[in-house]
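Got chain V; can you put chain W on it based on the hints?
Protein chains: 2
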Amino acid sequence: MNLRCNCIKTRSKPIHPKLIQDIKILKSRPHCPNVEIIVSVKGNEVCLNPKALWVKMIVNSFFKKQMNFSEEKADV
Amino acid sequence: MNLRCNCIKTRSKPIHPKLIQDIKILKSRPHCPNVEIIVSVKGNEVCLNPKALWVKMIVNSFFKKQMNFSEEKADV
Numbered sequence: 908m909n910l911r912c913n914c915i916k917t918r919s920k921p922i923h924p925k926l927i928q929d930i931k932i933l934k935s936r937p938h939c940p941n942v943e944i945i946v947s948v949k950g951n952e953v954c955l956n957p958k959a960l961w962v963k964m965i966v967n968s969f970f971k972k973q974m975n976f977s978e979e980k981a982d983v
Numbered sequence: 908m909n910l911r912c913n914c915i916k917t918r919s920k921p922i923h924p925k926l927i928q929d930i931k932i933l934k935s936r937p938h939c940p941n942v943e944i945i946v947s948v949k950g951n952e953v954c955l956n957p958k959a960l961w962v963k964m965i966v967n968s969f970f971k972k973q974m975n976f977s978e979e980k981a982d983v
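Residue numbers (the working numbering), protein chains in the order written: chain V, 908 to 983; chain W, 908 to 983.
Chain V with its partners taken away, still in its complex shape (with noise of 0.2 Å):
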């Protein structure tokens, strides 16, 4: 029963960093119990484990750099 959450099924194949174009972190919430993990790889969105390690591993790294690459003169 998908009590409307966006993802169905999450993708257990790791994917290289390089090709994700964005990161969406979705959060528990009244119609979805689950924290979702959204990618866009080539134009299509892939739903990534949360829980999996490689996950967040992933997952880390992209949020590093990109914030990373904004802190040359951060805007207090």
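These aren't lab readings, by the way, just hints derived from the structure by calculation.
The reader is advised that the hints may include incorrect statements.
If several chains are the same, the list does not tell them apart, and a pair holds so long as it fits within one copy or across any two.
Stated by the list, open to error - Listed below are the simulated SDA-like cross-link pairs for lysine to any residue, each with C-alpha atoms no more than 25 Å apart in a straight line:
| no. | residue 1 | residue 2 |
| --- | --- | --- |
| 1 | Lys925 | Ser935 |
| 2 | Lys971 | Asp929 |
| 3 | Lys920 | His938 |
| 4 | Lys916 | Trp961 |
| 5 | Lys920 | Ser947 |
| 6 | Lys925 | Ile945 |
| 7 | Lys963 | Gln973 |
| 8 | Lys949 | His923 |
| 9 | Lys916 | Lys931 |
| 10 | Lys925 | Arg936 |
| 11 | Lys963 | Ser935 |
| 12 | Lys916 | Met974 |
| 13 | Lys920 | Lys931 |
| 14 | Lys958 | Cys939 |
Then chain W, alone, in the frame of chain V:
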């Protein structure tokens, strides 16, 4: 001139982290040189400035919180 970025302008006034439902981070890409951060607040999408310190803090805490929620049983 909008090079087809998603964000024309970014919100300067800080948002309470609890109001954020999801966060999307888009890396710079051919048609948009900017790293973009889009959050959903009460069903509305709001662009944030990735260089602003308060944005970094909010994104960081959201990211950590959502990923940690899934840490109690990391699937390797």
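Verification of the hints:
Taking CA atoms no more than 25 Å apart as the test, lysine 925 paired with serine 935 passes between copies only; the shortest distance there is 12 Å, against 27 Å inside one copy. For the identical chains of this complex, lysine 971 and aspartate 929 are neighbours both inside a copy (13 Å) and across copies (17 Å), given an alpha-carbon limit of 25 Å. Taking the shortest Cα distances, lysine 920 and histidine 938 never come within 25 Å of each other, neither inside one copy (27 Å) nor across copies (29 Å). In this assembly of identical chains, lysine 916 and tryptophan 961 lie within 25 Å of each other by CA distance solely inside one copy; the values are 16 Å within and 34 Å between copies.
In the homo-oligomer, the alpha carbons of lysine 920 and serine 947 lie at most 25 Å apart inside one protomer (15 Å), although the nearest pairing across protomers, at 29 Å, exceeds that limit. Taking the shortest Cα distances, lysine 925 and isoleucine 945 sit within 25 Å of each other both inside one copy (15 Å) and across copies (21 Å). Taking the shortest Cα distances, lysine 963 and glutamine 973 sit within 25 Å of each other both inside one copy (15 Å) and across copies (11 Å). Taking the shortest Cα distances, lysine 949 and histidine 923 sit within 25 Å of each other inside one copy (12 Å), while across copies they are farther apart (33 Å).
With identical chains, the CA atoms of lysine 916 and lysine 931 are at most 25 Å apart both within one copy (16 Å) and between copies (20 Å). Proximity of lysine 925 and arginine 936 under a CA criterion of 25 Å is satisfied inter-copy only: 12 Å between copies versus 30 Å inside one chain copy. In this homomeric assembly, lysine 963 and serine 935 come within 25 Å of each other (Cα to Cα) both inside a single copy, at 17 Å, and across copies, at 21 Å. Proximity of lysine 916 and methionine 974 under a CA criterion of 25 Å is satisfied inter-copy only: 18 Å between copies versus 28 Å inside one chain copy.
In this assembly of identical chains, the alpha carbons of lysine 920 and lysine 931 lie at most 25 Å apart whether taken from the same copy (19 Å) or from different copies (22 Å). For a Cα distance limit of 25 Å, the shortest separation of lysine 958 from cysteine 939 inside one copy, 16 Å, qualifies, whereas the shortest one across copies, 31 Å, does not.
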